[in-house]
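First to last, the sequence lines map onto chains A and B.
Our numbering puts the first residue of the first sequence at 1, with every later residue one more than the last.
Our numbering puts the first residue of the second sequence at 1, with every later residue one more than the last.
Please keep in mind that the hints were generated in silico from the structure rather than gathered at the bench.
One or more of the hints may lead you astray.
Which copy is meant is left open, so a pair is good if it fits within one copy or across any two.
[Claimed, not checked] Listed below are the simulated DSBU-like cross-link pairs for lysine-lysine, each with C-alpha atoms no more than 30 Å apart in a straight line:
{"id": "1", "residue 1": "K508", "residue 2": "K276"}
{"id": "2", "residue 1": "K239", "residue 2": "K293"}
{"id": "3", "residue 1": "K513", "residue 2": "K414"}
{"id": "4", "residue 1": "K159", "residue 2": "K102"}
{"id": "5", "residue 1": "K238", "residue 2": "K8"}
{"id": "6", "residue 1": "K238", "residue 2": "K497"}
2 protein chains.
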Amino acid sequence: MNISALQKERAKYQPKVPKSLTGAVKLVEGAKTESVADQAEIAKLFPNTYGMPLISFEAGEVKKDRQPLNVGVILSGGQAPGGHNVISGIFDGIKKLNPESKLYGFLGGPGGLVDHKYIELTADIIDDYRNTGGFDIIGSGRTKLEEDWQYDKGLEIAKDLDLNSLVIIGGDDSNTNACVLAEYYAAKGEKLQVIGCPKTIDGDLKNEMIETSFGFDTATKVYSELIGNIQRDANSAKKYWHFIKLMGRSASHIGLECALKTQPNITLISEEVEEKQQTLDEVVTYMAEIVAKRAENGDNFGVALIPEGLIEFIPEMKILISELNDLLAEGTDSEKEFKHLKKSHRVEWVSEHITPDSAKVLLSLPTGIANQLMLDRDPHGNVQVSLIETEKLLGEMVDTKLAEMKEAGQYVGKFGTQYHFFGYEGRCAAPSNFDADYCYSLGYTASVLISDGLTGYMASVRNTTAPADDWIAGGVPVTMMMNMEKRHGHMKPVIQKALVELDGAPYKYFKSKRGEWAYNTCFIYPGPIQYFGPTEVCDVTTETLKLEQAK
Amino acid sequence: MNISALQKERAKYQPKVPKSLTGAVKLVEGAKTESVADQAEIAKLFPNTYGMPLISFEAGEVKKDRQPLNVGVILSGGQAPGGHNVISGIFDGIKKLNPESKLYGFLGGPGGLVDHKYIELTADIIDDYRNTGGFDIIGSGRTKLEEDWQYDKGLEIAKDLDLNSLVIIGGDDSNTNACVLAEYYAAKGEKLQVIGCPKTIDGDLKNEMIETSFGFDTATKVYSELIGNIQRDANSAKKYWHFIKLMGRSASHIGLECALKTQPNITLISEEVEEKQQTLDEVVTYMAEIVAKRAENGDNFGVALIPEGLIEFIPEMKILISELNDLLAEGTDSEKEFKHLKKSHRVEWVSEHITPDSAKVLLSLPTGIANQLMLDRDPHGNVQVSLIETEKLLGEMVDTKLAEMKEAGQYVGKFGTQYHFFGYEGRCAAPSNFDADYCYSLGYTASVLISDGLTGYMASVRNTTAPADDWIAGGVPVTMMMNMEKRHGHMKPVIQKALVELDGAPYKYFKSKRGEWAYNTCFIYPGPIQYFGPTEVCDVTTETLKLEQAK
Chain A
1 MNISALQKER AKYQPKVPKS LTGAVKLVEG AKTESVADQA EIAKLFPNTY GMPLISFEAG
61 EVKKDRQPLN VGVILSGGQA PGGHNVISGI FDGIKKLNPE SKLYGFLGGP GGLVDHKYIE
121 LTADIIDDYR NTGGFDIIGS GRTKLEEDWQ YDKGLEIAKD LDLNSLVIIG GDDSNTNACV
181 LAEYYAAKGE KLQVIGCPKT IDGDLKNEMI ETSFGFDTAT KVYSELIGNI QRDANSAKKY
241 WHFIKLMGRS ASHIGLECAL KTQPNITLIS EEVEEKQQTL DEVVTYMAEI VAKRAENGDN
301 FGVALIPEGL IEFIPEMKIL ISELNDLLAE GTDSEKEFKH LKKSHRVEWV SEHITPDSAK
361 VLLSLPTGIA NQLMLDRDPH GNVQVSLIET EKLLGEMVDT KLAEMKEAGQ YVGKFGTQYH
421 FFGYEGRCAA PSNFDADYCY SLGYTASVLI SDGLTGYMAS VRNTTAPADD WIAGGVPVTM
481 MMNMEKRHGH MKPVIQKALV ELDGAPYKYF KSKRGEWAYN TCFIYPGPIQ YFGPTEVCDV
541 TTETLKLEQA K
Chain B
1 MNISALQKER AKYQPKVPKS LTGAVKLVEG AKTESVADQA EIAKLFPNTY GMPLISFEAG
61 EVKKDRQPLN VGVILSGGQA PGGHNVISGI FDGIKKLNPE SKLYGFLGGP GGLVDHKYIE
121 LTADIIDDYR NTGGFDIIGS GRTKLEEDWQ YDKGLEIAKD LDLNSLVIIG GDDSNTNACV
181 LAEYYAAKGE KLQVIGCPKT IDGDLKNEMI ETSFGFDTAT KVYSELIGNI QRDANSAKKY
241 WHFIKLMGRS ASHIGLECAL KTQPNITLIS EEVEEKQQTL DEVVTYMAEI VAKRAENGDN
301 FGVALIPEGL IEFIPEMKIL ISELNDLLAE GTDSEKEFKH LKKSHRVEWV SEHITPDSAK
361 VLLSLPTGIA NQLMLDRDPH GNVQVSLIET EKLLGEMVDT KLAEMKEAGQ YVGKFGTQYH
421 FFGYEGRCAA PSNFDADYCY SLGYTASVLI SDGLTGYMAS VRNTTAPADD WIAGGVPVTM
481 MMNMEKRHGH MKPVIQKALV ELDGAPYKYF KSKRGEWAYN TCFIYPGPIQ YFGPTEVCDV
541 TTETLKLEQA K
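For reference, chain A alone in the conformation it holds in the complex (with noise of 0.2 Å):
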């Protein structure tokens, strides 16, 4: 295999671990769990993984002849910087405590169990894997563990495989399935237990146990190394405003981490937003203004930041999508009314058969956009709102409002803009130091959870702002992370999805400082992630959690 100079020296990382897990560990029981909301209805759907006690891990006696553990290992949804040190960690961890132990990876995902495809990953696979980024070890997979009949499948190749443990690496649907496994094993008094892992990059899994998900340090890392290239460019070019759309379609995390690491000129969080119940024009001016306010500076350039999710966030956006929705749904009189039109008269014909309030909306979209949410359709018939190119209209928008600006004498400045996406550059990213060794104490904990007999917990490593050696490594009760939702018309019960929250430090440390920041060219050049240097250029991680710890 042709590798790069840096992944061959990458390869001899040793992750840093948390003391507790340096020899041999003894798990303290702490408090019995509850659920975060719903606590009855939870504690019925789980009768044998409810308000089981928390578990932190210390340094114990070592224990000899330990059998050896037969596990599988399965990555489940989109990719996150370190998946791989989280395979290496629970490798290492039940080889450490028997040699015989066997690790096995369920290929492209949850599918692998339910299709019974998977492959042994024995030393020398996992050597070539160590600190790189990618899920192509063994890949992942979008198929939700929902089912019985999926249940039953992954019991029958885990039986013939003499499993112990499943250990499933995802976010909060594939962490919520997960606990749903382990439920459903120990009500039919099966052996074999599951463990979750928490990843996304897109930081929404957290809460007072799990610090953060994996993958967001790198991934913001990466993201902050570009946008501060580029507001390196704004700022020598001194032409062009930047509109950067940053992945993530429910919380802005990333964004808000970003920002708090670039300190640009404008940076939209979906759920001060929805908070405020902006309409598009509010949001349009907000960005108007900062642009006419460093145009009299003479600064006609900047950089905003814009989250993927933002249009579902604004609440006259999502009405008119849930009445495009209604109103264009195949199969319907009115679709195929619609269908017949003339291309020119379509949107009239639209506006005319939704409510006024969303039909002054949509007239006043961009051609294109309006265009795009009436056309491109998903095969339901739904508007495909990951395909909306917000930056671009905003963009559009933006400059729409300074011509009237410009017009009443409220602007005078050039306005170019430039678009860029990012999200794809950092989800297969090497995972940084803090990534490297996060993930890989996360699968050296599922290790240890599972060779305790444990099931439905979570591996959990916290004080992640402190150095490696006094990270707190233990495990959590999934069960105690849930609370009931509504889903797809059914009360569910599911992990609580972490949004920024409008009184935590983050977002009001930003708040404090945005006015500045939009005004003067404040602007930070993180560069790239380094993995060689100084301990405070290469294991620092975010700002989200330096801040959220610091309360």
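With the hints as your guide, set chain B onto chain A.
Just chain B, lined up with the frame of chain A:
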């Protein structure tokens, strides 16, 4: 100033320089030079600066009582990583000679010289910019120095500031103009010297004596980091073809270098397309066949690199664009008629008013692109080639081609695309160790050339794949790189632009490998630029240079 942890550490970096620059320097005259072509004409145009000898540096005796030097520096054209280090190299060089020396920076590019806008660059300013990216220390600009009145305005301020020399940091055009300026002042008997420095991320300013232009190393490293990350994602998710457009209008050095570093499935080289006189359909077919072949192995994913300037290298597109420019030229009767047409009739009308061959090409284009060609025109009525989204054009056409192939039973697979354009992400990155060292050495070299009274020279640092110690510093007469070319209808002396040579070692290596890279998955993941690690990770320059110098 709030700066990043990396920037703080990086400020301490002392760039490596050739041994000959570490002590007192002796200038050694080499052979007299001749221009690469059109010797008689160029000799006639540059009577004072033609035929000068090559200059190389050796360790010499320290000369005492050197007079202070006053130097003015100009950044010209697009940003490139390392510009600030050229300036700090000049600064340190002239200060070492005599601490009374002064460095002035003209603001906003060559226009600053003409408009007499400048600042003195003092030690504390310089120190803030050492080893940083961007051109923001004094800004850059695209004003061309081509007329006598500009030269005279320059002379005026040079006299006011008692300047010995101007250093112009720029690409091929800017260095051509630097030489014209040198000749102009020399012909007038003025003492004002002019020295050039080779800058451009595009890598198209190079020749026998100038091995590489600065910034190319860093920019291609940043792009390759991102391409590698995307490749890892493609190989993990296995669901998308990523079409990545790379900055650079005229040459494909960037794409070629990135391909050598990352081994993607497809890399288009403009120079090859032109040499083979390929049609758009041939390019699309080439790509579609690779997609189809990979799909046979179940690999419905891949990465394709596309040079920004490709369109202009496809002969039939060049002709179409030129015919459109004529047909729709501002104020012509045909343009007036066109303007009054209904949108839906435009393509048809245009296709009837251009040659049948061009009409065929126009009609083969996706509607959006055809409209863009007809409608997005600059103030002179010309097609704005830089606005054409070549990556999407090719993506859509490959999609159409694959649909035909599917119909014909030649393709079974899925084709999903993601598009990227990398340019601004790399132009202002902080320089790699190589560019930090190379740029500083170029600046220092310029100061030595100035101290010896030379003019019309470009600073040159060669043997760049060896350790910096062994680099060969010196000066090359700019006239040596010139030939006569037609510009705006007139023959002019210009520095020959270096396109990708199809019989050069880098292209030949690429060509010998690309079949394997296309069908197999041979991705390399270079990772981010490292500053502090092992030398084989941190100090190695481009694959292009490695292959060229291995000759």
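Kindly indicate which numbered hints from before are broken by the structure, ordering the numbers from low to high. Structure breaks no hint.
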